[in-house]
Amino acid sequence: MSELIAQEALPGLVAKWLAQGKRVAGPSVVKPGYCLYVELKSSAQLALEGFIRPRNSIKEFVFPHHEAICRYHFSGHTVETEDCDPPQVDQVIVGARPCDAAALPILDHLFTWDYEDKFYTERRKATTVVTLACQAHDDACFCTSLDLGPAAEQGSDVLLLAVPGGYEVRCLTDKGRALFAGETRTVEQTAVVPPGPPVMVAPGTIMAFLQARYDDPMWADLALRCLGCGACAYTCPTCHCFDIVDEGTAAGGCRVKNWDCCQFAMFTQHASGHNPRSGQSQRQRQRIQHKFRIYPEKFGVMLCTGCGNCARNCPVGLGVLSTLKETAGSAPVEVGV
Amino acid sequence: MSEDFEPKIVAFVCNWCTYLAADLAGTNRLEYPPNVRILRLPCTGRVDFNLIIKALEMGADAVVVSGCHPGDCHYTAGNYHARRRWILFRELLETMGIETNRIFFSWISAAESKKWQHMITEITDQIREMGPYTAYHEISEATA
Amino acid sequence: MTGQLRERCRRLLQDGAVQVVIGYGVSTSDGMPHPIFVRRPDDVDKLIWNEQCMANLTTYLTRDAVKALGKPAIVVKGCDARALVVLEQECQIDRSAMHVIGMACAGVGSPRAPKCASCDVHVPAAADEVIGEAPAQTGPADPPYAELEEFLQKSPAERFAYWREEAARCIRCYACREVCPTCYCPRCIVDKNRPACLDTSATVKANFAWHVTRAFHQAGRCTGCGECTRVCPVGINMRLLNQSLARAADEHFGYRAGTNRETPPIIGAYGLEDKESFIR
Chain A
2 MSELIAQEAL
12 PGLVAKWLAQ
22 GKRVAGPSVV
32 KPGYCLYVEL
42 KSSAQLALEG
52 FIRPRNSIKE
62 FVFPHHEAIC
72 RYHFSGHTVE
82 TEDCDPPQVD
92 QVIVGARPCD
102 AAALPILDHL
112 FTWDYEDKFY
122 TERRKATTVV
132 TLACQAHDDA
142 CFCTSLDLGP
152 AAEQGSDVLL
162 LAVPGGYEVR
172 CLTDKGRALF
182 AGETRTVEQT
192 AVVPPGPPVM
202 VAPGTIMAFL
212 QARYDDPMWA
222 DLALRCLGCG
232 ACAYTCPTCH
242 CFDIVDEGTA
252 AGGCRVKNWD
262 CCQFAMFTQH
272 ASGHNPRSGQ
282 SQRQRQRIQH
292 KFRIYPEKFG
302 VMLCTGCGNC
312 ARNCPVGLGV
322 LSTLKETAGS
332 APVEVGV
Chain B
125 MSEDFEPKIV
135 AFVCNWCTYL
145 AADLAGTNRL
155 EYPPNVRILR
165 LPCTGRVDFN
175 LIIKALEMGA
185 DAVVVSGCHP
195 GDCHYTAGNY
205 HARRRWILFR
215 ELLETMGIET
225 NRIFFSWISA
235 AESKKWQHMI
245 TEITDQIREM
255 GPYTAYHEIS
265 EATA
Chain C
1271 MTGQLRERCR
1281 RLLQDGAVQV
1291 VIGYGVSTSD
1301 GMPHPIFVRR
1311 PDDVDKLIWN
1321 EQCMANLTTY
1331 LTRDAVKALG
1341 KPAIVVKGCD
1351 ARALVVLEQE
1361 CQIDRSAMHV
1371 IGMACAGVGS
1381 PRAPKCASCD
1391 VHVPAAADEV
1401 IGEAPAQTGP
1411 ADPPYAELEE
1421 FLQKSPAERF
1431 AYWREEAARC
1441 IRCYACREVC
1451 PTCYCPRCIV
1461 DKNRPACLDT
1471 SATVKANFAW
1481 HVTRAFHQAG
1491 RCTGCGECTR
1501 VCPVGINMRL
1511 LNQSLARAAD
1521 EHFGYRAGTN
1531 RETPPIIGAY
1541 GLEDKESFIR
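Protein chains in written order, with our numbering: chain A, 2 to 338; chain B, 125 to 268; chain C, 1271 to 1550.
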């Protein structure tokens, strides 16, 4: 026994949410070969098939790449400031991948542990995540290595599973139930969850490796081809670093919170000119250490969902997975490969 | 176009010629529209293309860049460098669909106060006719 | 060609003629060829050459960590080799302190990269040696700026709307900048913050300014390798902007970046006779 929504009914439901004034986001093919999560203007934009996963992640709907947090203006010798409020818009993310949804509970730790970042938490509260289980995976996928899978439920309010003619609807939270109440019918069939990618690395061994080999020369070799862009971090569902900048004129301006990336040389550059992570090898090491040792030591969860976006978007094919494979068995590290 | 639209025109001018022409226009009591905001720079060679973009971002409806006639540069060749840069830059703006008929370039010497007066009058009329540069102002306000 | 390349590199490393080969090797993540750095003769079998060798490896020549490895041999396609000329003109590399292995190339990518349709450098110029033969029948090359000219058929308002959409997607990861061989500034103008020239926010306004800046800083310098557009995670077609400046340089000054190291770069030089019709 399961709840079912017909294939053709889903766009109608999306249109209904839009008509209710909700902000709806989901995968959309913005140009051939480029499927991205975008804010949907109409249900016709929604794409649920024909791609492994969007090239970006859903984090930008709870942690946008640019957010105004305070406005200021100078008057004489004083500065007047005015706090910006977190937005109060109900939003639905539909067609999220399980590896995207699973990132949200991971991010919750960071944005609430010592200071509650209202911009994040308010958005998160107002967000309902409708996840679509994966039917296929590619070489970059490794969710199963992180105890997730094609139908993982972490972070989702509703899990949809493709069945002939529609989607099985599994409501996991009250928010999810509210969204689909009265929209489904009960049927006999239940969905078959397709197999995920094979387990390729064991996070436990990686953590031990990272603890033991912080200064290993392998980091320098691994990082040689890294160009130092932010494509990996900016498309990662779990990367969350940001920078606070004042932008404006002599009259006043806005204090904004923008994404930042540990692979940029500027990320750790001090005002004095000293840079504690002066080389790309140190920056690459930081990225891996943070995801698989520092974050789990602090919060008990890996900062990765195995979505593989880092590898897919890397200009030079350098992903977290390839690095983990290098480190996994403490195998001798090959020069520069 | 609304009747009370007053164009905002930003002029980046060379310290050694056009700025003096504008000064002379004042001394000579030559009248021209007050819509132009003059920014003095040492040379047209100093006019970074980002200044033009910045002016549009900050709400300009038109931008003027003006300096010494070829051969008259105080620094020998600043205006030649600038000329070459603008030749290329205009093509980029065309491709991006930025309205190049709102971006003006001129050579105005320190003696040509009348040319300054006529040019600013003409540009102001023209932009008043065209209306505000809404398309660019819209992107400047969009937050995402 | 892969066999020839490996043998050549083995000898270069064995003889000590070079200390490192910057070439392509198969990545463990996606099975595609990606940049590798081979330093031991025993490792040359990791080198490969095939139609998927997309990256322009010359971008590594200006990087400190790579320079520290010693004298390099570098594998280039014809289009990549043009960047060497620009880097040499701009005093960023010492051409005599490297060994350039040119690969004859009939085109890369599946589907073919857009740049390949108008390729006229199937055999790299200015390489120290070339491996492979010029492709026999490649057919006539498309006119160099065909894609741009088609785009310019749109009205200015349509073009602006197009770029507004493109700019709205930009996430400012700067992959376009980092992958570019001629974007080698130790500190990019967008990273300058005392005072800040460009906003770092990924707003449409700031993204517009960024893309104008990125493109124009490449004016007369971009060699059209197309890496910026290939690596963009959100598919921004920067190639059009680069083409518009390349075409302008070609039409106004008869200049094509990276084709002749003796010609002075157009930006940084000037001509008393430069023609235009828009200055009052």
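If you are wondering where the hints come from, they were derived from the structure by calculation, not from laboratory data.
A hint or two may mislead.
[Claimed, not checked] Subject to a maximum C-alpha distance of 27 Å in a straight line, what follows is the list of computed DSSO-like cross-link-like pairs (lysine-lysine):
{"#": "1", "chain 1": "C", "residue 1": "1545", "chain 2": "A", "residue 2": "42"}
{"#": "2", "chain 1": "A", "residue 1": "17", "chain 2": "A", "residue 2": "126"}
{"#": "3", "chain 1": "B", "residue 1": "178", "chain 2": "C", "residue 2": "1462"}
{"#": "4", "chain 1": "C", "residue 1": "1337", "chain 2": "B", "residue 2": "178"}
{"#": "5", "chain 1": "C", "residue 1": "1424", "chain 2": "A", "residue 2": "32"}
{"#": "6", "chain 1": "A", "residue 1": "299", "chain 2": "A", "residue 2": "119"}
{"#": "7", "chain 1": "A", "residue 1": "176", "chain 2": "A", "residue 2": "17"}
{"#": "8", "chain 1": "A", "residue 1": "326", "chain 2": "A", "residue 2": "119"}
{"#": "9", "chain 1": "A", "residue 1": "32", "chain 2": "A", "residue 2": "17"}
{"#": "10", "chain 1": "B", "residue 1": "238", "chain 2": "C", "residue 2": "1424"}
{"#": "11", "chain 1": "A", "residue 1": "176", "chain 2": "A", "residue 2": "126"}
{"#": "12", "chain 1": "C", "residue 1": "1424", "chain 2": "C", "residue 2": "1337"}
{"#": "13", "chain 1": "B", "residue 1": "239", "chain 2": "C", "residue 2": "1424"}
{"#": "14", "chain 1": "B", "residue 1": "238", "chain 2": "B", "residue 2": "132"}
{"#": "15", "chain 1": "C", "residue 1": "1337", "chain 2": "C", "residue 2": "1316"}
{"#": "16", "chain 1": "C", "residue 1": "1316", "chain 2": "A", "residue 2": "326"}
{"#": "17", "chain 1": "A", "residue 1": "326", "chain 2": "A", "residue 2": "299"}
{"#": "18", "chain 1": "A", "residue 1": "17", "chain 2": "A", "residue 2": "42"}
[Unchecked claim] If the Cβ cut is set under 7 Å, some of the chain C residues that face chain B in the computed set are:
{"#": "19", "residue": "1333"}
{"#": "20", "residue": "1335"}
{"#": "21", "residue": "1337"}
{"#": "22", "residue": "1338"}
{"#": "23", "residue": "1340"}
{"#": "24", "residue": "1341"}
{"#": "25", "residue": "1415"}
{"#": "26", "residue": "1417"}
{"#": "27", "residue": "1430"}
{"#": "28", "residue": "1478"}
{"#": "29", "residue": "1482"}
{"#": "30", "residue": "1489"}
Just so you know, even glycine gets a beta-carbon here, dropped at the ideal spot from N, CA and C.
These are the hints, each one checked on the structure:
A threshold of 27 Å between alpha carbons decides the hint, and for residue 1545(C) with residue 42(A) the separation of about 47 Å lies outside it, so the pair is violated. Note on residue 17(A) and residue 126(A): the hinted pairing holds, with a Cα-Cα distance of about 21 Å set against a maximum of 27 Å. Straight-line distance between C-alpha atoms of residue 178(B) and residue 1462(C) comes to about 16 Å, which keeps the hinted pair within the 27 Å bound. The suggested pairing of residue 1337(C) with residue 178(B) is violated, with an alpha-carbon distance near 38 Å, which exceeds 27 Å.
For the hint linking residue 1424(C) to residue 32(A), the alpha-carbon distance of about 18 Å falls within 27 Å, and the restraint holds. Only pairs whose Cα atoms come within 27 Å are accepted, and residue 299(A) paired with residue 119(A) is accepted, the gap being roughly 21 Å. Pair hint residue 176(A) plus residue 17(A) holds up; C-alpha atoms about 16 Å apart against a cutoff of 27 Å. In summary, the hint linking residue 326(A) to residue 119(A) is not supported, as the alpha carbons are separated by about 38 Å, beyond the 27 Å threshold.
With a C-alpha separation of about 26 Å, the suggested pair residue 32(A) and residue 17(A) falls inside the 27 Å cut-off, and the hint holds. Under the criterion of a C-alpha separation no larger than 27 Å, the hint pairing residue 238(B) with residue 1424(C) is inconsistent with the structure, at around 39 Å. Of the supplied pair hints, the one linking residue 176(A) and residue 126(A) holds, its CA atoms being roughly 10 Å apart against a limit of 27 Å. Pair hint residue 1424(C) plus residue 1337(C) does not hold up; C-alpha atoms about 45 Å apart against a cutoff of 27 Å.
Pair hint residue 239(B) plus residue 1424(C) does not hold up; C-alpha atoms about 35 Å apart against a cutoff of 27 Å. Pair hint residue 238(B) plus residue 132(B) holds up; C-alpha atoms about 21 Å apart against a cutoff of 27 Å. Between the alpha carbons of residue 1337(C) and residue 1316(C) the distance comes to roughly 21 Å, so the proposed pair stays at or under 27 Å and holds. For the proposed pair residue 1316(C) and residue 326(A), the alpha carbon gap of about 17 Å is at most 27 Å, so the pair holds.
Distance check on the hinted pair: residue 326(A) and residue 299(A) sit about 24 Å apart at the alpha-carbon level, within 27 Å; holds. Distance restraint check for residue 17(A) and residue 42(A): the Cα-Cα separation of roughly 12 Å lies within the 27 Å cut-off, and the hinted pair is therefore satisfied. Look at residue 1333(C): its Cβ only gets to about 27 Å from chain B, farther than 7 Å, so that hint breaks. The restraint placing residue 1335(C) at the interface with chain B is violated, with a minimum CB-CB distance near 31 Å, outside the 7 Å limit.
The restraint placing residue 1337(C) at the interface with chain B is violated, with a minimum CB-CB distance near 31 Å, outside the 7 Å limit. Look at residue 1338(C): its Cβ only gets to about 34 Å from chain B, farther than 7 Å, so that hint breaks. Interface restraint check: residue 1340(C) against chain B, minimum CB-CB distance 38 Å, threshold 7 Å, status violated. A hinted interface residue such as residue 1341(C) counts as satisfied when its beta carbon comes closer than 7 Å to some beta carbon of chain B; here the least separation is about 36 Å, so the hint is violated.
Hint on residue 1415(C) is violated. Least Cβ distance to chain B is approximately 11 Å, over the 7 Å limit. With its C-beta approaching chain B no nearer than about 11 Å, residue 1417(C) sits outside the 7 Å limit, and its interface hint is violated. Taking 7 Å as the C-beta contact cut-off toward chain B, the hint placing residue 1430(C) at the interface holds, the least distance being around 3 Å. With 7 Å as the threshold, the beta carbon of residue 1478(C) comes within range of chain B, its nearest partner Cβ sitting at about 6 Å, so the hint holds.
Below 7 Å, beta-carbon pairs count as interface contacts, and residue 1482(C) has one with chain B at about 6 Å; its hint therefore holds. Given the 7 Å rule on beta carbons, the hint for residue 1489(C) holds: about 5 Å separates it from the nearest Cβ of chain B.
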